[in-house]
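Undergrad: Sequential numbering from 10 applies to the sequence shown in my numbering.
By construction, these hints were calculated from the structure, which means they are not laboratory data.
Just so you know, these numbers come straight off a predicted model, no measurement behind them.
Please note that the accuracy of each hint is not assured.
To be verified - Restraint ranges, calculated between C-beta atoms of paired labels, are given here:
(1) ASN13 to GLY33: 12 to 20 Å
(2) ASP48 to SER23: 24 to 32 Å
(3) THR18 to ASP48: 17 to 25 Å
(4) ASP55 to ARG29: 16 to 24 Å
(5) GLU47 to ASN13: 27 to 35 Å
(6) ILE15 to LEU59: 17 to 25 Å
(7) ILE51 to ARG19: 12 to 20 Å
All C-beta atoms in this analysis are idealised placements derived from N, C-alpha and C, irrespective of residue type, glycine included.
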Amino acid sequence: MAANAIDQTRRMLSLVTYLRERPGAYVADVARAFGITEDELISDLDVLPLCGTSFRGGDLLDIDTDG
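I would like the entire structure built from these sequences, with the hints used as guidance.
TA: Structure, rendered in structure tokens:
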């Protein structure tokens with residue numbers, strides 16, 4: 010796995026905890042906290058719902074990016 014992919018994986022795992030502790034956080038604030046662009050954050054958020062222990066109902070991450 011490339012170093013960039015490792016960094017992204019670590020960041021995405023940290024994002025899960027960060028966002029659970031800060032419901033309603035703004036994209037700009039989260040991106041700033043992680044030292045990434047808003048586009049990078051949105052890209053990560055697009056991938057996170059595909060992560061989980063399996064593809065059975067209830068095992069994947071549910072992320073609401075409305076508003």
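Undergrad: Of the hints stated earlier, which fail here?
TA: As far as the earlier hints go, 1, 2 and 5 are violated by this structure, in ascending order.
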